[in-house]
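Residue numbers for the sequence shown follow the working numbering, beginning at 1 and rising by one.
To be clear, the hints were calculated from the coordinates, so they are not data collected in a lab. There is no bait here: all hints are sound.
Label-pair distances were calculated between CB atoms; the ranges are:
| id | residue 1 | residue 2 | range |
| --- | --- | --- | --- |
| 1 | Glu94 | Asn32 | 30 to 40 angstroms |
| 2 | Asp91 | Asn32 | 26 to 36 angstroms |
| 3 | Ile48 | Glu94 | 17 to 27 angstroms |
List of simulated lysine-lysine pairs, BS3-like, C-alpha gap at most 27 angstroms:
| id | residue 1 | residue 2 |
| --- | --- | --- |
| 4 | Lys44 | Lys85 |
| 5 | Lys85 | Lys70 |
| 6 | Lys44 | Lys112 |
| 7 | Lys44 | Lys104 |
| 8 | Lys112 | Lys63 |
| 9 | Lys104 | Lys63 |
| 10 | Lys112 | Lys70 |
| 11 | Lys104 | Lys70 |
| 12 | Lys44 | Lys70 |
| 13 | Lys44 | Lys63 |
| 14 | Lys85 | Lys63 |
| 15 | Lys112 | Lys85 |
| 16 | Lys104 | Lys85 |
Predicted model only: the values in this text are computed from it and were never measured. We put the beta carbon where it would ideally sit given N, CA and C, even for glycine.
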Amino acid sequence: MRKIYLLSLVILIFSCKNKEVKSIDIVAKKQNPIELGKEIFEGKGNCIACHLVNQNVIGPSIKEISAIYKSQNGNIVDFLVHDAKPLVDPDQYEVMQTNFSITKAMSDEELKAIETYIYSN
1 MRKIYLLSLV ILIFSCKNKE VKSIDIVAKK QNPIELGKEI FEGKGNCIAC
51 HLVNQNVIGP SIKEISAIYK SQNGNIVDFL VHDAKPLVDP DQYEVMQTNF
101 SITKAMSDEE LKAIETYIYS N
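Just need the whole structure built from these sequences, with the hints factored in.
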């Protein structure tokens, strides 16, 4: 019984330490929205599958998106949550619609980070 108690205590101590590291990681990411946006863009959002920085693939390039949204004073976050019409390549809009379920589930912070990343290019 004593061994089980000791083992449980050791596991608890190590698991608590891991949570602390993760929260520090999140704080660090909050301090750099461009890097957080890039991480979401390439990971959770899987935006990179259709959008590259300098090259049109399935969808327009990040540079093209950034330039058009800046020049037309568009709102990328509103577009990502399906509250605004596309400003870039409306013909490809049907392809993008399948991804709105991913972006609608994102937090405001994640969406703003993606927008910040796009505008940084």
